Amino acid sequence: MRIEWLNQGTMVSGSATSEGVSRRGFMKAGAVAGGGLVLGFFMPGAGRWANAQRAPAKVYEPNAFLHIAPDNSVTVQVNRLEFGQGVQTSLPMLIAEELDADWSQVHGALAPAGDQYKDPAFGIQITGGSGSIAHSYTQYREIGAKARAMLIAAAAEQWKVSADQIKTVKGTLIGPAGQKATYGSLADAAMKQPVPATVTLKDPKDFKLIGKPTRRLDAKAKSTGKQQFGMDFKAPESKVAVVARPPVFGAKVAKFDASKAKAIKGVIDVLEVKTDRGGSGVVVIADGYWPAKSGREALVIEWDTSGVEKVSSDKQLAEYKALAQKAGTPVRTADTSKLAGAAKKISAVYEFPYLAHAPMEPLNCVVDLRKDGCTVWAGSQFQTVDQGAIAATAGLKPEQVVLNTMMAGGGFGRRAVPTSDYLVEAVNIAKVWQAAGHKQPIKVIWSREDDIKGGYYRPSHVHRADIGVDAKGEIVAWDHVIVGQSITSGTPFEPMMVKNGVDSTMVEGMGEPYEVPLNLSAHTVKTNVPVLWWRSVGSTHTAFVMETLIDEAAHAAKMDPVAYRKKLMGEKGKRHAAALDLAVAKSGYGKKALPKGQAYGVAVHESFNTVIAYVVVASVKNGTPKLHKVTAGVHCNTAVNPLTIEAQIQGAALMGLGMTLPGAAITLKDGVVEQQNFSDYTVARMTDMPVIDVHIVPSNDPPTGMGEPGLPPLAPAFANALFTLTGKRLRKLPFDLASA
Numbered sequence: 001m002r003i004e005w006l007n008q009g010t011m012v013s014g015s016a017t018s019e020g021v022s023r024r025g026f027m028k029a030g031a032v033a034g035g036g037l038v039l040g041f042f043m044p045g046a047g048r049w050a051n052a053q054r055a056p057a058k059v060y061e062p063n064a065f066l067h068i069a070p071d072n073s074v075t076v077q078v079n080r081l082e083f084g085q086g087v088q089t090s091l092p093m094l095i096a097e098e099l100d101a102d103w104s105q106v107h108g109a110l111a112p113a114g115d116q117y118k119d120p121a122f123g124i125q126i127t128g129g130s131g132s133i134a135h136s137y138t139q140y141r142e143i144g145a146k147a148r149a150m151l152i153a154a155a156a157e158q159w160k161v162s163a164d165q166i167k168t169v170k171g172t173l174i175g176p177a178g179q180k181a182t183y184g185s186l187a188d189a190a191m192k193q194p195v196p197a198t199v200t201l202k203d204p205k206d207f208k209l210i211g212k213p214t215r216r217l218d219a220k221a222k223s224t225g226k227q228q229f230g231m232d233f234k235a236p237e238s239k240v241a242v243v244a245r246p247p248v249f250g251a252k253v254a255k256f257d258a259s260k261a262k263a264i265k266g267v268i269d270v271l272e273v274k275t276d277r278g279g280s281g282v283v284v285i286a287d288g289y290w291p292a293k294s295g296r297e298a299l300v301i302e303w304d305t306s307g308v309e310k311v312s313s314d315k316q317l318a319e320y321k322a323l324a325q326k327a328g329t330p331v332r333t334a335d336t337s338k339l340a341g342a343a344k345k346i347s348a349v350y351e352f353p354y355l356a357h358a359p360m361e362p363l364n365c366v367v368d369l370r371k372d373g374c375t376v377w378a379g380s381q382f383q384t385v386d387q388g389a390i391a392a393t394a395g396l397k398p399e400q401v402v403l404n405t406m407m408a409g410g411g412f413g414r415r416a417v418p419t420s421d422y423l424v425e426a427v428n429i430a431k432v433w434q435a436a437g438h439k440q441p442i443k444v445i446w447s448r449e450d451d452i453k454g455g456y457y458r459p460s461h462v463h464r465a466d467i468g469v470d471a472k473g474e475i476v477a478w479d480h481v482i483v484g485q486s487i488t489s490g491t492p493f494e495p496m497m498v499k500n501g502v503d504s505t506m507v508e509g510m511g512e513p514y515e516v517p518l519n520l521s522a523h524t525v526k527t528n529v530p531v532l533w534w535r536s537v538g539s540t541h542t543a544f545v546m547e548t549l550i551d552e553a554a555h556a557a558k559m560d561p562v563a564y565r566k567k568l569m570g571e572k573g574k575r576h577a578a579a580l581d582l583a584v585a586k587s588g589y590g591k592k593a594l595p596k597g598q599a600y601g602v603a604v605h606e607s608f609n610t611v612i613a614y615v616v617v618a619s620v621k622n623g624t625p626k627l628h629k630v631t632a633g634v635h636c637n638t639a640v641n642p643l644t645i646e647a648q649i650q651g652a653a654l655m656g657l658g659m660t661l662p663g664a665a666i667t668l669k670d671g672v673v674e675q676q677n678f679s680d681y682t683v684a685r686m687t688d689m690p691v692i693d694v695h696i697v698p699s700n701d702p703p704t705g706m707g708e709p710g711l712p713p714l715a716p717a718f719a720n721a722l723f724t725l726t727g728k729r730l731r732k733l734p735f736d737l738a739s740a
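The numbers in full-length UniProt numbering rise by one with no breaks, and the one at position 73 of the sequence shown is 73.
Careful: at least some of the hints might be erroneous.
Claimed, not checked - In silico DSSO-like cross-links for lysine-lysine, where the CA-CA straight-line distance does not exceed 30 Å:
1) Lys344 / Lys574
2) Lys566 / Lys732
3) Lys252 / Lys371
4) Lys558 / Lys629
5) Lys728 / Lys558
6) Lys629 / Lys596
7) Lys293 / Lys255
8) Lys669 / Lys453
9) Lys321 / Lys345
10) Lys252 / Lys265
Said to hold, decoys possible - Just the calculated beta-carbon pair ranges, DEER-fashion:
11) Lys439 / Asp701: 50 to 58 Å
12) Arg448 / Ala221: 22 to 30 Å
13) Lys626 / Asn677: 35 to 43 Å
14) Gln165 / Pro698: 31 to 39 Å
If you are wondering where the hints come from, they were derived from the structure by calculation, not from laboratory data.
Remember, it's a predicted structure, so these values are computed and weren't measured experimentally.
By construction, the Cβ of each residue, glycine as well, lies at the ideal position given by its N, Cα and C atoms.
Given only the sequences and the hints, what does the whole structure look like? Please build it.
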């Protein structure tokens, strides 16, 4: 029997069988959970990540995805991390729709790490790739539909009628003779019914919840300050740990003096500990955060930086630019011979810096390490990977690790690290803490400075493009080189993501959806700076390059930028054209005159199978660009919760705007990150926020990703508007009009 703790106290018990559903285990699950119907299904992975697993995915018994209690409350276990994107509302909506539940009685809870909660496409438990709704759309609807069928079967048995004579409305079963029963009253009886092998899902025309703007279930708790985030959680008797990490990635402690730190009231112990990338640091453990932080500031540490590369941004940029002048590893081939004879030629070099994730809630976790197991509380995006890494570090089996998923205040990819860096470090701290004779759980807290200087950044890149345009405005040749680091090389995702030595995330979106003769190659550079996916991954730079170059080609051809884009899209750009047409129509582009000093800018890009088109309005005042309005055309197929989609677009657009602002860059000198807080690392603020209108292309097709696609087209649309105003093409982020 397996026992797991869900969130802060819900216990579920069950036993796995090789043949799927175990009735006995199923009934025990419901009994331990407090009565009522408990239902869940795991769908083995079928996506590109799942196919790369060495062992086939297992099918587990029903588990607590859904709990209908005797009091009629419906609790849905969300198999993702909720960190602002709205899955704790949208996923329960899918179950509630097919269940015909009373939405006012539906609640969401974050599921712990567990095989049963793996992403149906990726084959691991993950919140990433904008896949939460896209991948679980059918899975969660089927859970709701099967639970409804079991409730109907229980009612039919009790009322001695056929199942097809029973209707369900808002959590109530209604019989042919007017019989009525609430879901809660029949939940126990429904548990005894067989789980249907197949169900028929609703026709979209019959949806009552899906597609309707629905307020978030967690809104009240968050707006009143009652929501518990990872940073708020404290295990009984736990102590706080703060780490002094090496200034250069992978460096080690040569020696340290902890006497002043230990003299601070509340400091319990000071210990050397392993840190990420083979380095080491010094951890101060105290009764609270302030004495731990004060103790760290009092440490005297001598660092050994020998044997580790010390990167400097200016030198790296020069090396990248030199590499970009040479062809790299081929990614896509096309004839470039017509470049020499082209009527017009566009030559450009683009520069993109490292970027920090900088979520509002810095990294944190609580570790309770014991000889026979380990319990961790963390806002993990990567439960399967993190659970395995915790187990390996602690010398345990994965099933001996309980990883509770905590609500997180943002992440943008930083909480999904293949190395599980901050969690591995935390377990190492727990190990040295126990070796020193202590037993209490440890809460590791990263400060804002730790978070920004602590590594794992969006990689820096350089692009070089040479484009030939003929007398008719047609692109006849396009030679393109990208230089940068690989995000996935050396990780478990390398077999799926790295092809012929090139990380597919580095080149994603290049050429799409345009019918252009693109000759594309890439140089993969290895350097001592930890890199990671950052909201919308490679599209953060490829969209900017593509959409500003296409815009430039349109002007070279003396064509309207919208018409030019649509001409190049062809058949494969139907969804792009639909999104673009919607944004154009709603914005007034081409019809509505703007005030003097303002201009339109356009961009459209697809990422995670969702197309976003932006028409923006911008101005320049005293040399400073200003974004006034953004009109979005969104093609994400079925819009499960339009309110969530609107919020995602608004947040992603603001984050995309942040990439353009002065100071939005991570730079290094002699291996040390120069930025440390929001005072010297710029993020977009409320005063930067433009008006953002969101319009969704109607569709009944299965939904596509929404967490990330809103970011990439914002910066190029803004840059294109600034070109109209200034005549200057911006070739780097963040913007610098003075040097353009």
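Going through the hints against the structure:
1. Lys344 / Lys574: Holds, at about 29 Å.
2. Lys566 / Lys732: holds, 26 Å
3. Lys252 / Lys371: holds, 28 Å
4. Lys558 / Lys629: holds, 26 Å
5. Lys728 / Lys558: Judged against 30 Å, a Cα distance of about 17 Å means the pair holds.
6. Lys629 / Lys596: holds, 15 Å
7. Lys293 / Lys255: holds, 20 Å
8. Lys669 / Lys453: holds, 12 Å
9. Lys321 / Lys345: holds, 20 Å
10. Lys252 / Lys265: holds, 28 Å
11. Lys439 / Asp701: 50 to 58 Å: At roughly 55 Å between Cβ atoms, Asp701 and Lys439 fall inside 50 to 58 Å, so the hint holds.
12. Arg448 / Ala221: 22 to 30 Å: With Cβ atoms ~24 Å apart, the hint holds.
13. Lys626 / Asn677: 35 to 43 Å: violated, 25 Å
14. Gln165 / Pro698: 31 to 39 Å: holds, 35 Å
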